[in-house]
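Enquirer: Construct the entire structure; sequences and hints are all you get.
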Amino acid sequence: MPDQLFFAGLRALAEAAFPKHCACCGRVFATADEFIGQTQSMRQNVSGLKQSFDDNNVAIVEVYRNCLCGSTLMDFFSDRRSTSEASQERRQLFERLLPLLMEKGMERAAAREYLLHVVRGQLP
1 MPDQLFFAGL RALAEAAFPK HCACCGRVFA TADEFIGQTQ SMRQNVSGLK
51 QSFDDNNVAI VEVYRNCLCG STLMDFFSDR RSTSEASQER RQLFERLLPL
101 LMEKGMERAA AREYLLHVVR GQLP
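If you read the sequence shown in UniProt numbering, its first letter stands for residue 1, the second for the next number, and so on.
Note that these hints are calculated values from the structure, not bench results.
Possibly wrong hints are sitting among the right ones.
[Unchecked claim] Here are the simulated distance ranges between beta carbons:
id, residue 1, residue 2, range
1, L101, S47, 18 to 24 angstroms
2, Q40, Q88, 33 to 39 angstroms
3, R91, H21, 35 to 41 angstroms
4, S71, R91, 35 to 41 angstroms
5, E34, K104, 39 to 45 angstroms
C-beta atoms are modelled at their ideal positions from N, C-alpha and C, and glycine is treated no differently.
Expert: What follows is the structure in structure tokens.
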């Protein structure tokens with residue numbers, strides 16, 4: 001799965017902090033999209049995402065990426081998910097349905113993708 005998909009549900013908290021600069025090589029990242037697109041995962045099969053909380057106890061995601069020169073860079077993003085009661089109930093239902101689909105023989109990734117399509121109204 002391309003790295004861009006990991007960040008599809010996130011929005012940049014620190015857009016005003018751009019441009020970002022790599023302290024080692026001086027490379028400039030004008031936007032969050034450039035930061036994600038022009039850097040690399042720190043390790044293969046590791047997203048580089050870490051949940052944390054800001055000063056107001058709001059969940060944020062710390063994003064760790066490697067510049068092309070090898071220097072590790074970090075930025076903050078917040079989750080766009082709704083925190084309403086209905087949204088929380090949908091997420092709980094999603095988490096209950098996922099193992100049921102897997103018990104029926106679906107691979108986890110396929111079951112997750114299927115449920116996401118259902119939630120988005122993309123399946124008949």
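Enquirer: None of the hints should be skipped; say for each whether it holds.
Expert: Hints, one by one, checked against the model:
1. L101 with S47: 18 to 24 angstroms: 23 angstroms Cβ-Cβ, so the 18 to 24 angstroms window holds.
2. Q40 with Q88: 33 to 39 angstroms: With a Cβ separation near 34 angstroms, Q40 and Q88 satisfy 33 to 39 angstroms, so the hint holds.
3. R91 with H21: 35 to 41 angstroms: 37 angstroms, holds
4. S71 with R91: 35 to 41 angstroms: 36 angstroms, holds
5. E34 with K104: 39 to 45 angstroms: 42 angstroms, holds
Figure legend: structure checked against the earlier numbered hints; every hint is met.
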